[in-house]
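Participant: Mind docking chain B on chain A? Use the hints.
One letter stands for each residue in the lines below.
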Amino acid sequence: MPSSTENAPQEERGGRRRRRPVLNTEFYFFVVLALSLGVAVYWIKGADAVWKSLESSFDLIVVIGPLVVGSVVFAGYAETLLPKNLVARWLGGEAGFTGICIATLAGILTPGGPFASFGVLIGLARTGASFVSCVTYLTAWSVLGLHRLFVWEIPLLGLDLALLRFTCSLPLPFIAGLLSHLLIQRLGYSPRTQP
Amino acid sequence: MLISYVIVWGLAMALMLAAGFSDAARHKQSISNAWEIGKPIFVRLPLAIVAASFLGQLLPQELIGSLLGESTGVAGVLVAVVIGGLLPGGPLITFPIVTAIYSAGAGAPQIVALLTAWSIFALHRVITFELPGMGPRFVAFRLIVTAILPVLAGLLAALLPKALY
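These protein sequence lines map, in sequence, to chains A and B.
So the first sequence is residues 7 to 201, counted in this note's numbering.
So the second sequence is residues 17 to 181, counted in this note's numbering.
Excised from the complex, chain A in its bound form (with noise of 0.2 Å):
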């Protein structure tokens, strides 16, 4: 493919962006599997499980759809914002160790679940963030993020076993930051995180 595809017209940013089509096969395989596994509820316990499922569910779209909506927002404008050298520079593919530790702190700070995190995580990824900071940023926030620490952990599980998980969970973005950086020096290759 000829790269004549590039218009001028929208300043230095992006270009022209490789789609990928929104209803693919991996759309319909989530769909095989939302409607099988509805059957199964079906069979064992009955319509009304099914009904109280759908039901659940809606309200629950109804609470997220919004936070989604504002994720994706921020998403979009953190592509424009964020200053990609210096993106490039503490996170890109030459960041190291230094990287590796950025990663972990914006991680565990990054406050908001899932929908303020994956903002971030694709506004970075966009403006230039390796491989290896795009892990070692997820599992920090997945597995460090205070946010689900003070917010689920220690009101559902009690403060002891909050703890004991957060505090076996130290190491982990460390050990995922080594682990990947050692996996694609192994291949030579990293997999692709502008798009």
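Treat the hints with caution; some may be incorrect.
Below, computed lysine-lysine pairings styled on DSSO-like, alpha-carbon distance capped at 27 Å [what the hints assert, rightly or not]: (1) A:Lys90 x B:Lys44; (2) A:Lys90 x B:Lys55; (3) B:Lys44 x B:Lys55.
Residues of chain A placed beyond 10 Å of chain B at every Cβ, according to the derived structure [said to hold, decoys possible]: (4) Phe33; (5) Ala55; (6) Lys90; (7) Arg95; (8) Gly99; (9) Ile108.
Simulated from the structure, these hints should not be mistaken for lab results.
Just so it is clear, CB atoms sit at the ideal spot from N, CA and C, and this is done for glycine as well.
Facilitator: Coordinates of chain B only, in the frame set by chain A:
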């Protein structure tokens, strides 16, 4: 939940303000980025939620709890990792299931492994955000790299002296 709204929309608003009032092209570009990122997410989210809710109904919580007792040791930790990786849904769906499993007799290291596996593998997050936002190759590589982590967390929890928790 209110906190989440405030945080997410607060962050989005802050960036909108940072984009300034004069530069309309910048806002246009940002919104079109957002639309492009959001489209695949919007069609998958309802599916993932419904599937998770069904799966939650099918999980035998009592049985899982009794399978993961403190005495099951390393084997229990490994089983917990597998179950945790399959746990459906975000915190609203999963935490009630996990508390049920815990009170049905699961041990603390096993619960640590289960929760960590759920956090890291996060089927619901992979379906709704990660696949559409980052691409299948990123997801595959990330899962390979992080597969060992929940096992480590569970083993670490088993090694810590009980007096600590």
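Participant: All hints, please: hold or fail.
Facilitator: Hint check:
Taken as a hint, the lysine 90 of chain A and lysine 44 of chain B pair is honoured in the structure, with Cα atoms around 19 Å apart against an allowance of 27 Å. Straight-line distance between C-alpha atoms of lysine 90 of chain A and lysine 55 of chain B comes to about 24 Å, which keeps the hinted pair within the 27 Å bound. As the CA atoms of lysine 44 of chain B and lysine 55 of chain B are separated by approximately 16 Å, the hinted pair is consistent with the 27 Å bound. The Cβ of phenylalanine 33 of chain A sits about 7 Å from the closest Cβ of chain B, inside the 10 Å cut-off, so the non-interface label is violated.
For alanine 55 of chain A, the requirement that its beta carbon stay farther than 10 Å from each beta carbon of chain B is not met, with the minimum near 6 Å. Against chain B, the non-interface label of lysine 90 of chain A holds: every CB pair exceeds 10 Å, the least being about 14 Å. Interface exclusion of arginine 95 of chain A from chain B stands, the closest Cβ pair being 20 Å apart, more than 10 Å. Annotated as non-interface, glycine 99 of chain A keeps its C-beta farther than 10 Å from every C-beta of chain B; the closest such distance is 15 Å.
The non-interface label for isoleucine 108 of chain A is consistent with chain B: the shortest C-beta to C-beta separation is roughly 18 Å, beyond 10 Å.
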